[in-house]
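Chains B and E, in that order, are what the protein sequence lines are. Residue numbers are given in numbering that gives the first Met the number 0: position 2 of the first sequence equals residue 1, and the series is strictly consecutive. Residue numbers are given in numbering that gives the first Met the number 0: position 377 of the second sequence equals residue 376, and the series is strictly consecutive.
Among these hints, one or two may not hold up.
Pairs of lysine-lysine, DSS-like flavour, derived with a Cα cap of 25 angstroms [stated by the list, open to error]:
#1 B:204 <-> E:10
#2 B:101 <-> B:191
#3 E:10 <-> E:192
#4 E:18 <-> B:191
#5 E:86 <-> E:154
#6 B:188 <-> B:137
#7 E:154 <-> E:51
#8 B:204 <-> E:84
#9 B:171 <-> B:191
#10 E:10 <-> B:188
#11 E:18 <-> E:51
#12 B:101 <-> B:2
#13 E:10 <-> B:137
#14 E:154 <-> E:18
#15 B:204 <-> B:191
#16 B:171 <-> B:188
#17 B:101 <-> E:192
#18 B:191 <-> E:154
#19 E:84 <-> E:51
#20 E:270 <-> E:301
#21 E:18 <-> B:188
#22 E:192 <-> B:204
#23 E:270 <-> E:380
#24 B:137 <-> B:101
#25 E:245 <-> E:301
#26 E:318 <-> E:245
Some chain B residues well away from chain E (every beta-carbon gap over 10 angstroms; in silico) [claimed, not checked]:
#27 3
#28 44
#29 66
#30 105
#31 139
#32 149
#33 167
#34 171
#35 177
#36 199
Read the hints as simulated data drawn from the structure, not as lab findings. From a predicted model like this one, the values you see are computed outputs, not experimental measurements. All C-beta atoms in this analysis are idealised placements derived from N, C-alpha and C, irrespective of residue type, glycine included.
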Amino acid sequence: MSKRILIVDDEPRYLRLLEANLRTEGYEVATAQDGVQALDVFSVQPIDLVLLDVMMPRLDGFGVCQRLREFSNVPIVILTARGEEQDRVRGLDLGADDYLVKPFSATELLARVRAVLRRAQAPTESGQARFFTHDDLKIDFARAEVWRGEEPVSLSATEYRLLLQFTHNVGKILTSEDLLTSVWGVEYKNDKEILWVSIARLRQKLESDAHSPRHIVTRSGLGYLMPPTEV
Amino acid sequence: MDLATLSFLHKTFQEVQRKQDWRAALDTLFVSLRGSFVFDNAAIYLEDSQTKASEVVYARAVGRGKAAEADSMWGEGIANEVLSKGKMILKEPRKGLSYANRLTEAHLLGFPLYVGGNMNGALVFIRFGGPQYTELHIQIASLQAFWATALIERKELQDARTELDSVQRQMRLQDDFVSTISHELRTPLGFIKGYSTSLLRQDTTWDDSTQREFLNIIDEEADRLARLIENMLESARLQSQTLQFKFSPVRIDALARDVAMRIHTHHPEMKVNFDVETLPSIRGDGMRIAQVFENLFSNALKYAPASEINIGMRLMSDKIRVTFADNGEGIPEDYLPFLFERFYRVPGERTVTGTGLGLYICKQIVMAHHGNIWVESVLDKGTTFIIELPVDPTL
Chain B
0 MSKRILIVDD EPRYLRLLEA NLRTEGYEVA TAQDGVQALD VFSVQPIDLV
50 LLDVMMPRLD GFGVCQRLRE FSNVPIVILT ARGEEQDRVR GLDLGADDYL
100 VKPFSATELL ARVRAVLRRA QAPTESGQAR FFTHDDLKID FARAEVWRGE
150 EPVSLSATEY RLLLQFTHNV GKILTSEDLL TSVWGVEYKN DKEILWVSIA
200 RLRQKLESDA HSPRHIVTRS GLGYLMPPTE V
Chain E
0 MDLATLSFLH KTFQEVQRKQ DWRAALDTLF VSLRGSFVFD NAAIYLEDSQ
50 TKASEVVYAR AVGRGKAAEA DSMWGEGIAN EVLSKGKMIL KEPRKGLSYA
100 NRLTEAHLLG FPLYVGGNMN GALVFIRFGG PQYTELHIQI ASLQAFWATA
150 LIERKELQDA RTELDSVQRQ MRLQDDFVST ISHELRTPLG FIKGYSTSLL
200 RQDTTWDDST QREFLNIIDE EADRLARLIE NMLESARLQS QTLQFKFSPV
250 RIDALARDVA MRIHTHHPEM KVNFDVETLP SIRGDGMRIA QVFENLFSNA
300 LKYAPASEIN IGMRLMSDKI RVTFADNGEG IPEDYLPFLF ERFYRVPGER
350 TVTGTGLGLY ICKQIVMAHH GNIWVESVLD KGTTFIIELP VDPTL
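Please model the complete structure; the sequences and the hints are all you need to start from.
Set out below in structure tokens:
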């Protein structure tokens, strides 16, 4: 089955260039001209690799990269300009797998795409899920929206990031230090109280009974976890 | 105030201010004053200016609440009440509670915080058990609320300054001619490289129409590159003032008509109306002023292709005012101040042929003549460029 590649660039001439070459190699191609469109396209069909332009100010390539990484392991190759070292570093830090520098030759592009696809772990389905459910809790990662049953839940930015720690580690006990470092940063590593308050608030918003939580459960002395749901 | 209290406050103030990190400073503040004001938990909530959601930014358990962890009380309810009512709120537990209920009904004291002059935060103290809060306690707690506000403001100012430094550095980089050049030149280069290497690929063939398409793109982009380089050199010469102007008496009306006629031969569809008074000559570089007109015509053809162009010239005391107007779609007001900046292109205008230097060069030329150029525009009505050039009284 042929691989499908999503090209994200707000310059139509680059879309044409990339698409024409990728098709000759037998890849299927999907295109998007801005970040929102990119996330929508990504969510409705299986994508094996994303080619993402980060140069243009109108298209927030880094934002797209970051949001994608919140819920997917799909290989991402960023297109950047030579000399813009901050761009390359930033892209890689945000989770891009490789970069391609403009101007590039068509053969270089194709070789890079082949290499990244070769390196990618075989099942991209597992990282692909746009939606997450846990009992009555439902999350749309692409839109960063959370529902409890039919009711939308409004979470602060920090609460959402905290929740994602649990949804990406279902069944795994996360220590306070892990959570504090991942969500707030290493300076907050021992700031237990702020974690307590945030978990308390999250429970208020997500649980039907905050005192008997089902989504975020405490394991005394060990940490917190989101228990796996029975199938 | 007695001396003992004053020197205690003085010492506390020094210790708190010495802590550069705002959370460490808050810790010091609350711990220092805990002798006079007892609490078990404290939390600070701030409203996010954009989302209006409240975030807990600071939380401490210093007393008996420690053991209860995440189930403990953090005063979110009272914080929300404080945020909506904008005033201090005190909630005391009902009398005669059993020990077991101690954790669920606590003494809650909440203060609004005015960070940056707006009421957008709450500081909540929670105490389990113990006597009621007296007026003195409330005063001390209120003092801490003011202090906390100052500390948060200090942090936000520090953050803002770091952000500003970073932005300034970025802007300096962007203003760096060299880095902008490389960015601007790379776009057409990227296409030329990309499309030519596509055609050169040995592992595939392209059908005839695709080959022509790619070759046309390469051709167009090469032209664009040439124009860009020409403009950049000109711009660099203007910048370093090595561009020599040759001043002599010039009749601007004749100049403008010449340029119009020249352009008309290439673009017969263009319609230009002249509304010109009798004007004296001015002292200027005819070739450069002609360049300004050429650029204005070129822009009008690009951005207002179907429009008539109306050129007016008036003598006003010591200068000549030239207006160059079209009836095109106009330019949004927000973008007008930036139009004459180097490499500026109106967002949304995806013209592959623009270099972003034309108006910048025009401005440099006009200013070299001790004149002025600016633009007025109304969406859907049109755009007018206004040039003023001083009259030479000796001519």
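Hints and how they fare:
A threshold of 25 angstroms between alpha carbons decides the hint, and for residue 204 of chain B with residue 10 of chain E the separation of about 42 angstroms lies outside it, so the pair is violated. Restraint check for residue 101 of chain B and residue 191 of chain B: the C-alpha separation of about 46 angstroms exceeds 25 angstroms, so the hint is violated. Distance check on the hinted pair: residue 10 of chain E and residue 192 of chain E sit about 69 angstroms apart at the alpha-carbon level, beyond 25 angstroms; violated. For the given pair, residue 18 of chain E sits about 20 angstroms from residue 191 of chain B by alpha-carbon distance, which is consistent with the 25 angstroms threshold.
Between residue 86 of chain E and residue 154 of chain E the CA atoms are separated by roughly 24 angstroms; this keeps the pair inside 25 angstroms, and the hint holds. Proximity of residue 188 of chain B to residue 137 of chain B is assessed by CA-CA distance (about 29 angstroms); at most 25 angstroms being required, the pair is judged violated. Our distance criterion of 25 angstroms between C-alpha atoms is met by residue 154 of chain E and residue 51 of chain E, whose separation comes to about 20 angstroms. For a cut-off of 25 angstroms, the pair hint linking residue 204 of chain B to residue 84 of chain E stands: about 22 angstroms separates their Cα positions.
Between the alpha carbons of residue 171 of chain B and residue 191 of chain B the distance comes to roughly 19 angstroms, so the proposed pair stays at or under 25 angstroms and holds. Using a Cα cut-off of 25 angstroms, the hinted pair residue 10 of chain E and residue 188 of chain B is violated, with the two alpha carbons roughly 29 angstroms apart. In summary, the hint linking residue 18 of chain E to residue 51 of chain E is not supported, as the alpha carbons are separated by about 29 angstroms, beyond the 25 angstroms threshold. The straight-line distance between the Cα atoms of residue 101 of chain B and residue 2 of chain B is roughly 24 angstroms, inside the 25 angstroms bound, and the hint therefore holds.
This hinted pair does not check out: residue 10 of chain E and residue 137 of chain B have alpha carbons roughly 52 angstroms apart, beyond 25 angstroms. A threshold of 25 angstroms between alpha carbons decides the hint, and for residue 154 of chain E with residue 18 of chain E the separation of about 11 angstroms falls inside it, so the pair holds. Taking the CA atoms of residue 204 of chain B and residue 191 of chain B, the gap is near 20 angstroms; set against the 25 angstroms cutoff, the hint holds. Restraint check: the Cα-Cα separation between residue 171 of chain B and residue 188 of chain B comes to about 19 angstroms, which is no more than 25 angstroms; the hinted pair holds.
Straight-line distance between C-alpha atoms of residue 101 of chain B and residue 192 of chain E comes to about 9 angstroms, which keeps the hinted pair within the 25 angstroms bound. Restraint check for residue 191 of chain B and residue 154 of chain E: satisfied, since their Cα atoms lie roughly 21 angstroms apart, inside the 25 angstroms limit. Of the supplied pair hints, the one linking residue 84 of chain E and residue 51 of chain E holds, its CA atoms being roughly 15 angstroms apart against a limit of 25 angstroms. Annotation: proposed proximity of residue 270 of chain E to residue 301 of chain E holds, straight-line Cα distance about 14 angstroms (limit 25 angstroms).
With a C-alpha separation of about 19 angstroms, the suggested pairing of residue 18 of chain E with residue 188 of chain B holds against the 25 angstroms cut-off. Distance restraint check for residue 192 of chain E and residue 204 of chain B: the Cα-Cα separation of roughly 54 angstroms exceeds the 25 angstroms cut-off, and the hinted pair is therefore not satisfied. Distance hint between residue 270 of chain E and residue 380 of chain E is fulfilled; the C-alpha atoms sit about 17 angstroms from each other, no more than 25 angstroms. For the given pair, residue 137 of chain B sits about 40 angstroms from residue 101 of chain B by alpha-carbon distance, which is inconsistent with the 25 angstroms threshold.
For the hint pairing residue 245 of chain E with residue 301 of chain E, the CA-to-CA distance comes to about 30 angstroms; that exceeds 25 angstroms, so the pair is violated. Restraint check: the Cα-Cα separation between residue 318 of chain E and residue 245 of chain E comes to about 20 angstroms, which is no more than 25 angstroms; the hinted pair holds. Annotated as non-interface, residue 3 of chain B keeps its C-beta farther than 10 angstroms from every C-beta of chain E; the closest such distance is 19 angstroms. Listed as a non-interface residue, residue 44 of chain B keeps its Cβ farther than 10 angstroms from every Cβ of chain E; the least gap is roughly 25 angstroms.
Look at residue 66 of chain B: its CB is around 17 angstroms from the nearest CB on chain E, clear of 10 angstroms, so calling it non-interface holds up. With a closest Cβ-Cβ approach of about 4 angstroms to chain E, residue 105 of chain B is found to fall inside the 10 angstroms limit, against its non-interface label. At roughly 17 angstroms, the least C-beta separation between residue 139 of chain B and chain E is larger than 10 angstroms, which holds for a residue marked as non-interface. Taking the minimum C-beta to C-beta distance to chain E, about 21 angstroms, the non-interface status of residue 149 of chain B holds against the 10 angstroms cut.
At roughly 20 angstroms from the closest C-beta of chain E, the C-beta of residue 167 of chain B stays outside 10 angstroms, upholding its exclusion from the interface. Distance to chain E confirms residue 171 of chain B as a non-interface residue, since its nearest Cβ pair spans about 18 angstroms, more than 10 angstroms. Distance to chain E confirms residue 177 of chain B as a non-interface residue, since its nearest Cβ pair spans about 15 angstroms, more than 10 angstroms. Distance check for residue 199 of chain B against chain E: the nearest CB is about 5 angstroms away, which does not clear 10 angstroms, and the non-interface claim fails.
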